[in-house]
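Participant: Here is how the chains run, residue by residue.
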Amino acid sequence: MSAEDEARLFEEMMTYQEAIFRICLGFSRNPSDAEDLSQDVYLKAYRSLGRIRSPHAVKEWLFRIARNTCLDHAKKLQISRLFEKTTSPDNVLDTRTPEFSAVTSERLKLLRRAVSRLSKKQREVFVLREYGHLSYEELARTVGAKAGTVMSRLNRARIAVARFIKEAGHE
Amino acid sequence: MNKKMDDGDFEEINRLIQYDVDEALRVFRSGDFGKRLRARIAADERTVKAKSFLRRIAVPSATLLAVSAALFLLNVHRSPAPWPVHPRLFAAVLRQLPAFSRPAAELPSGPAGVAGMSEAGGGFQSALALAERRKKEEERETPFRPDGPRVPVLSLKKKMEILYKDKVIERVLVLLIGKSKEV
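For the record, the sequence lines run as chains A and B. So the first sequence is numbered by numbering that gives the first Met the number 0: it starts at 0 and just counts up by one. So the second sequence is numbered by numbering that gives the first Met the number 0: it starts at 0 and just counts up by one.
Derived by calculation from the structure, the hints in this document are not laboratory data. Backbone N, C-alpha and C define an ideal beta-carbon position, used for all residues, glycine too. Each hint should be verified, as a subset may be incorrect.
[What the hints assert, rightly or not] Straight-line Cα separation of at most 30 Å, DSS-like style, residue types lysine-lysine; simulated pairs:
1. B/Lys50 with A/Lys74
2. B/Lys156 with A/Lys75
3. B/Lys158 with A/Lys43
[What the hints assert, rightly or not] Derived CB-CB ranges, DEER-like:
4. A/His55 with B/Ser67: 20 to 26 Å
5. A/Arg80 with B/Asn13: 43 to 49 Å
6. A/Arg116 with B/Leu72: 54 to 60 Å
7. B/Gln17 with A/Arg50: 32 to 38 Å
8. A/His55 with B/Asp5: 15 to 21 Å
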């Protein structure tokens, strides 16, 4: 692949920056971490531009990098939490807007906690679909599973999240 | 489990996610992500270049270090001599020798002098002078001594002289014998 092709491909990748950011936000549950993770994703993509086999599937390739990067980050975070008492992203005080209501803030915390409680397989399909807005086919190719499997996983994940929020809200 | 969940629950999840994403995206869009990313890529490229330079010099440096370490270890763990003389033992022997009293030039040359020197405690220097003298005596041309096998080594010239003298004596004797027969 020539340098011009690589530059063109990278420009194409940059059009997905918001989708990548949304996915990173879903996994990290923190806007600041999400931006750092997005940069990591693009850096990895930039380094391996020469190794890309099918330039037509660049979107799925980029989403796969995003998914792997976020899962790696979550794993590292889990390990570091074992050794040091760090603040959980769920407990970070959200001060993005002054008019941010206390009720919504509480509900958002519940949502983040519910997502973090999902199994790894359920969490990845839930985040990629609900935050990244991937189609079922894209989701199946990114995760490396059949479309039917992905749909059932997603359904179970949605139910688990809704149930957790409902139960926690009634307490 | 599914029966307990109604559409309202799922709608609330979608609403919350939408709210979460919208708020985060608003902050994300306010910053220049592309500019920050380009700066990070440039910094990463610089790091990669520095690392490649380090990698290039690392192999020869490591080899040199390994060879130096190997040589050092070989030198340190070399097997000792079969009969090592410990420096302390050597120093103790030297200390037990009689003190150095007179320089060699002042020493008397005769056997009486040597004896006197020993008595005066001439020590190591006197023993050295005696050894020197004995060596010179041995080197000197000495007549054949029947009591010992030691024969001084003669030069070629000396050997020829002796041989010539022998021949002269032999001729003289032959002439004398011939004359006596005639008489």
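Participant: Quick check: does the Cβ-Cβ distance between B/Gln17 and A/Arg50 fall within 32 to 38 Å?
Facilitator: holds (36 Å)
Participant: Regarding the pair B/Lys156 and A/Lys75, is the alpha-carbon distance no greater than 30 Å?
Facilitator: Violated - the C-alpha atoms of A/Lys75 and B/Lys156 are around 99 Å apart, more than 30 Å.
Participant: If I claimed the Cβ atoms of A/His55 and B/Asp5 lie 15 to 21 Å apart, would that claim hold in this structure?
Facilitator: violated (42 Å)
Participant: Under the criterion that the straight-line Cα-Cα distance not exceed 30 Å, is the pair B/Lys50, A/Lys74 satisfied?
Facilitator: holds (27 Å)
Participant: Holds or violated: the 43 to 49 Å window for the beta-carbon distance between A/Arg80 and B/Asn13?
Facilitator: Roughly 30 Å apart at Cβ, these two residues miss the hinted range, so it is violated.
Participant: For a C-alpha distance cap of 30 Å, please report whether B/Lys158 and A/Lys43 respect it.
Facilitator: violated (99 Å)
Participant: Per the hint of 54 to 60 Å, is the separation of the Cβ atoms of A/Arg116 and B/Leu72 within bounds?
Facilitator: holds (58 Å)
Participant: Quick check: does the Cβ-Cβ distance between A/His55 and B/Ser67 fall within 20 to 26 Å?
Facilitator: violated (56 Å)
Hint compliance for this structure: hints 2, 3, 4, 5 and 8 are broken, all remaining hints hold.
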